[in-house]
Every structure is written in C-alpha cells, then in structure tokens.
Amino acid sequence: MTTPVIERDVEMIEQETGVDHDLLGFLESAVIEAPAEETETQPAATPAVESATRQLVIINWSGELDKLWPTLIMSTAAAASGYQAKVFITFWGLLPFVKDQKRIVGENWMQKMLSFMQRPGISHLRLSKMNFLGMGPWMIGRLSKQYNVATPPELLEAAQAMGVEFIPCQMTMEMFGLQREDMIDGLGEPAGAAAVLELMTQPNTASLFI
Amino acid sequence: MTTTHSTPVATEMVRLDARGLKCPMPIVRTAMTIKTLAPGQLLEVLATDPGAVADFSAWSRTTGHDLVEQSIADGVYRFVLRRK
Chain C
1 MTTPVIERDV
11 EMIEQETGVD
21 HDLLGFLESA
31 VIEAPAEETE
41 TQPAATPAVE
51 SATRQLVIIN
61 WSGELDKLWP
71 TLIMSTAAAA
81 SGYQAKVFIT
91 FWGLLPFVKD
101 QKRIVGENWM
111 QKMLSFMQRP
121 GISHLRLSKM
131 NFLGMGPWMI
141 GRLSKQYNVA
151 TPPELLEAAQ
161 AMGVEFIPCQ
171 MTMEMFGLQR
181 EDMIDGLGEP
191 AGAAAVLELM
201 TQPNTASLFI
Chain H
1001 MTTTHSTPVA
1011 TEMVRLDARG
1021 LKCPMPIVRT
1031 AMTIKTLAPG
1041 QLLEVLATDP
1051 GAVADFSAWS
1061 RTTGHDLVEQ
1071 SIADGVYRFV
1081 LRRK
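Residue numbers (this note's numbering), protein chains in the order written: chain C, 1 to 210; chain H, 1001 to 1084.
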C-alpha cells in the first residue's frame, strides 16, 4: 500500500537535495491513491518555523510508563513555554496512543499476539524496570496520587489542549496493523522518517529520542 | 472571569491558585490563564512546588511575560507576571 506519507517524504528529499528524482512521477504511474491536488497542499500544511520560534521534537520510541511520562512532561512544558512541540510516535511508542478500551489490535495473529502481550492504551503501561507483574506501576500510580503529580492520561490531555502535535509513524502503524480509528483522537497526520528529519534540523530546535 | 470595560486597559489582577500542583502543571495552568488576559494585565500565581521558583523565572525569560514580583510566605510561593 502506497500512502501520502511516501509522497511527502519524496517531496522533502527532493527539496533537501535540490534534485528532482521524478520519484513522484514514477509512483504516480504505479500506485498513487491520493488525488494530485492533495499532494500539492500537503507541504503547505507543514508550517515553516520562523527563526524566532523555538521547537522541541521528541521521537517517542518506548511505550513504557517511565519513559512516556517525561516525554509528556517535556512536550507539555515546551508548549506552555511557547515552543512548537512535536512528538513523533513510533514502534512501542505508538501503543500508549491506542484508545484505552482497545484490548486486541491488528489484523493477523502475530499483530494480535503482540497487542495481547503488551496491552495498548495509556492506562496499561509497564515500567522499563521493576515492573514486577504490574506491582511497580501500581505503586508509582499510588505515589503520584499521594504527591499530586499529574498522571500520563492527565498530561496527555494537557498536552493536546496546549497544542502538542503527536505524529504517528505510518510504517509502524501498518506493521502493527493499527488503523486510525484504533488511535486516540487529535493525532497529527502520519508521517515518515524524512519528515521528522526535516523537523529535527530546523533552527532553534531541540530533539530527543526517548 | 470578567474584564472591566470601564477602563481602556484592564488593570485588574487575576489570581491563579496552583497550590498543590507539581511540575509541569503550575506553568501549564499559568500559560493557559495568561492567554485570557489583556496585554499589560497582571497575573498572580500561588504555588507550593519548590521547583516553581526556577521554572517561573525560566518560563518568564522564554515567553517574554515579565516576572515583576516573587515572594514566599508560609511555604507558599507568590509570583506576579505581566502579560506581554
């Protein structure tokens, strides 16, 4: 399946290298689904960051509680400080952004098995260490209540309200068999590696891989 | 919140109670509240998180909203910010 993301990636590669590879022409003759006007409007939809605007770009690769937590704190704080905050969610990092009530996701038995072994949704996260069959996350949850620390679901709500953009990785979504309707509302358009590289190399940008 | 229309510039100080909130919520709530203010209007924030001291001065420098006053009394930090 060829997606608009590939078109966007190709356009960015062509822009960056200044070379017209005519890859789009090649793709169009092969398997392009989106109408031509859409491909023209898409680069314009990615706002060019003015040099004065600071930007925080996080590649959220891990789906674990103790890693998603700082990702949400940093991106929310950045948005609250006037940064453009963008979080590219990929691999295990996609799973917290699946709707909480989804139990099994995917189309084939391997994808379903994966989601059975690691239940998706932001309320079902494990710790990267000291998980102890859920005892660790339970204790962290109790402690966060006791010390009035905002939990990941609360932070995610704040992040989305403050305008943090969560950009799903198209390729991993397909590999995990995730559909847009499996994911929470308000996510950005799925994108690819070249789109993220372009964001990461803009001026006044801090990038993190978590 | 109501703003006074009798004066050309709204000078009424708005108070935000962020006591009990932990990082990053005091600055998140502050950012949300200051957006509703008129330029030049003051926002008073009360907080109990000791991390707020460094956070509010950094936030003020980053966003350009002046931190015009800062004090502590009975374990409650008080910050007064002016919307740019």
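Careful, some of the hints might be misleading.
[Said to hold, decoys possible] In silico BS3-like cross-links for lysine-lysine, where the CA-CA straight-line distance does not exceed 30 angstroms:
(1) H:1035 to C:129
(2) H:1022 to C:99
(3) H:1084 to C:145
(4) C:102 to C:145
(5) C:112 to C:99
(6) C:67 to H:1084
To be clear, the hints were calculated from the coordinates, so they are not data collected in a lab. Quantities reported herein were computed from a predicted structural model and do not represent experimental measurements.
Hint by hint, here is what the structure shows:
With a C-alpha separation of about 40 angstroms, the suggested pair residue 1035 (chain H) and residue 129 (chain C) falls outside the 30 angstroms cut-off, and the hint is violated. In summary, the hint linking residue 1022 (chain H) to residue 99 (chain C) is supported, as the alpha carbons are separated by about 26 angstroms, within the 30 angstroms threshold. For the given pair, residue 1084 (chain H) sits about 35 angstroms from residue 145 (chain C) by alpha-carbon distance, which is inconsistent with the 30 angstroms threshold. With a CA separation close to 25 angstroms, the supplied pair residue 102 (chain C) and residue 145 (chain C) stays within the 30 angstroms bound.
For the hint linking residue 112 (chain C) to residue 99 (chain C), the alpha-carbon distance of about 15 angstroms falls within 30 angstroms, and the restraint holds. For a cut-off of 30 angstroms, the pair hint linking residue 67 (chain C) to residue 1084 (chain H) is broken: about 35 angstroms separates their Cα positions.
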